[in-house]
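Novice: My request is simple: use the sequences and hints to build the entire structure.
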Amino acid sequence: MTNVKQIKHLVNEQMEAIQVSSATGDAILNGIKIAQRKKQRRSKIGFSLSAIAVLFLGFAFMTRISPAFAQIFEDVPGLGAIVAIVEYDRGVEDSVRNNYFEAIGVSAKENDVTFTLDGVIADDTGMLLSYTLESPNTVNGYHLGDTVLLQNEEKLGLAYVTSEHAQKEVVQKVESTIRISDPSGAIDYNNPAFTLKFSIRGEEDLTFVIPFELKNKIAKPKHYKLNREVVVEGQKFTVEQVKISPLHAAIDIITDPQNDMVIFDFSSIKLQNESGNVWGSGSTSISGFGSADTTKRTIYLESNYFQESEELYLIIGDILAMPRDEREIVIDFDKKEVASISKQYPLQLEIIDESSFKVVFDKHLGFNQTIFTNGEDRNGRKVPLAISHRISDTTNSQVFTLEQGAKNNPVTFVLQGYPNYLENDTRIKVK
Numbered sequence: 009m010t011n012v013k014q015i016k017h018l019v020n021e022q023m024e025a026i027q028v029s030s031a032t033g034d035a036i037l038n039g040i041k042i043a044q045r046k047k048q049r050r051s052k053i054g055f056s057l058s059a060i061a062v063l064f065l066g067f068a069f070m071t072r073i074s075p076a077f078a079q080i081f082e083d084v085p086g087l088g089a090i091v092a093i094v095e096y097d098r099g100v101e102d103s104v105r106n107n108y109f110e111a112i113g114v115s116a117k118e119n120d121v122t123f124t125l126d127g128v129i130a131d132d133t134g135m136l137l138s139y140t141l142e143s144p145n146t147v148n149g150y151h152l153g154d155t156v157l158l159q160n161e162e163k164l165g166l167a168y169v170t171s172e173h174a175q176k177e178v179v180q181k182v183e184s185t186i187r188i189s190d191p192s193g194a195i196d197y198n199n200p201a202f203t204l205k206f207s208i209r210g211e212e213d214l215t216f217v218i219p220f221e222l223k224n225k226i227a228k229p230k231h232y233k234l235n236r237e238v239v240v241e242g243q244k245f246t247v248e249q250v251k252i253s254p255l256h257a258a259i260d261i262i263t264d265p266q267n268d269m270v271i272f273d274f275s276s277i278k279l280q281n282e283s284g285n286v287w288g289s290g291s292t293s294i295s296g297f298g299s300a301d302t303t304k305r306t307i308y309l310e311s312n313y314f315q316e317s318e319e320l321y322l323i324i325g326d327i328l329a330m331p332r333d334e335r336e337i338v339i340d341f342d343k344k345e346v347a348s349i350s351k352q353y354p355l356q357l358e359i360i361d362e363s364s365f366k367v368v369f370d371k372h373l374g375f376n377q378t379i380f381t382n383g384e385d386r387n388g389r390k391v392p393l394a395i396s397h398r399i400s401d402t403t404n405s406q407v408f409t410l411e412q413g414a415k416n417n418p419v420t421f422v423l424q425g426y427p428n429y430l431e432n433d434t435r436i437k438v439k
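Residue numbering for the sequence shown follows this note's numbering, beginning at 9 and increasing consecutively.
No lab work stands behind these hints, which were simulated from the structure alone.
Mixed in with the good hints there might be a few duds.
Restricting the straight-line Cα-Cα distance to at most 25 angstroms, the calculated cross-link-like pairs of lysine to any residue (SDA-like) are [unchecked claim]:
hint, residue 1, residue 2
1, Lys343, Thr306
2, Lys439, Val238
3, Lys304, Phe341
4, Lys223, Leu158
5, Lys228, Lys117
6, Lys223, Ala194
7, Lys163, Tyr197
FRET-style restraints, in silico, Cβ to Cβ [stated by the list, open to error]:
hint, residue 1, residue 2, range
8, Thr381, Lys344, 19 to 25 angstroms
9, His372, Asp196, 44 to 50 angstroms
10, Glu358, Asp268, 27 to 33 angstroms
11, Ser295, Val178, 56 to 62 angstroms
12, Lys371, Arg209, 33 to 39 angstroms
13, Val178, Ala201, 33 to 39 angstroms
From the three backbone atoms N, C-alpha and C, an ideal C-beta is built for every residue, glycine too.
Specialist: Right, dumping it as structure tokens:
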């Protein structure tokens, strides 16, 4: 039996064994529903690497896939890193099961370190690339640098790199993945030639240049126009369409600019077929595009592209939102005091020093959104923030540091998230 046939056979056997994590959390605040979410947490470490917002995320997990199933993946070139995602993303699993994975096998060597682009899953939303980084000595001392995908020498998309946590023991080989997503849709697959630039930093900085060309046909997305208006506690939004591609199901939503509340997030959204099978947020590092301050946003879910369903529904649960005029928090770092904060929507906020502060959420909330992205000083100038956060089963702390200090106090911060839930249970027929 060939490796590909073995994969198909074992995947069919393992379908019931693979568990997709569900969300967890509950919210408080003066009569607001206590919303509970149950989600297996995966520790994530995030840090900004450049002005173009290339974000690197690490995760750790325990594999529940059978050893035979995992071994088959590891034996197929390029699929060793994909097995880590398959358990948590059914769209990626289906892509592999349906042979929608293209082996590449192009390498570049700098000093004694070799980078190999093993394979690609590509669609109209972007690419999932698997790679191997190895050295006869060790790769422990290297950290991830900038990653850029080029086409016709033009930079494409927003790159996300997933990697393992640092190991204490000597590691000579690392297999991981890179997610490339381009909200502008600039990737032109009529020209299948691309160049990947992958950098690592250590005692010496190394950059690997990998030219590659895609041979396989790119799957066409499935479009479902909906234009369905939904009203939740007086707040309006319109679900424009659902677009399903091999890597993602993209949900396009327009919020009404006349809403008196800002919608931060659709905390529970999923696709469900007539048999009750569910496709949720999955493991993707890219949750979508758009923000509370934009009227249009795209939400990414797991893909059911290769799953034929007679009926398909979009189910939208509770929504994170708060009044627009309650979002601002003003801090005077010279006086080390909070000059203004909502009484109805309070925060457990602690000023650490003249240029940093911390926000701690109740341990039961399960709320992990970054609540501030930057500030504005009294002269109207943008104040960049360095952000660190740690999420565990007992604490959720976010520490914000003013990168250039607080030169013109006070500084105003606008909330980009808050654990205030609007009850909702909307079911929209997609097909």
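Novice: Hint by hint, note whether the structure agrees.
Specialist: Going down the list of hints, with the structure as the test:
1. Lys343 - Thr306: violated, 41 angstroms
2. Lys439 - Val238: Between Lys439 and Val238 the Cα gap is close to 18 angstroms, so the pair holds against 25 angstroms.
3. Lys304 - Phe341: Distance of about 35 angstroms is beyond 25 angstroms: violated.
4. Lys223 - Leu158: holds, 17 angstroms
5. Lys228 - Lys117: Violated, because 35 angstroms separates the two Cα atoms, which is more than 25 angstroms.
6. Lys223 - Ala194: Status holds; Cα separation ~19 angstroms.
7. Lys163 - Tyr197: With Cα atoms ~15 angstroms apart, Lys163 and Tyr197 stay inside 25 angstroms; holds.
8. Thr381 - Lys344: 19 to 25 angstroms: Given range 19 to 25 angstroms: holds, Cβ gap about 23 angstroms.
9. His372 - Asp196: 44 to 50 angstroms: holds, 48 angstroms
10. Glu358 - Asp268: 27 to 33 angstroms: Since the Cβ atoms of Glu358 and Asp268 sit about 30 angstroms apart, the hinted range of 27 to 33 angstroms holds.
11. Ser295 - Val178: 56 to 62 angstroms: violated, 35 angstroms
12. Lys371 - Arg209: 33 to 39 angstroms: 35 angstroms Cβ-Cβ, so the 33 to 39 angstroms window holds.
13. Val178 - Ala201: 33 to 39 angstroms: Cβ of Val178 to Cβ of Ala201: about 37 angstroms, so the range 33 to 39 angstroms holds.
In the structure shown, a violation is registered for the earlier hints numbered 1, 3, 5 and 11, in ascending order.
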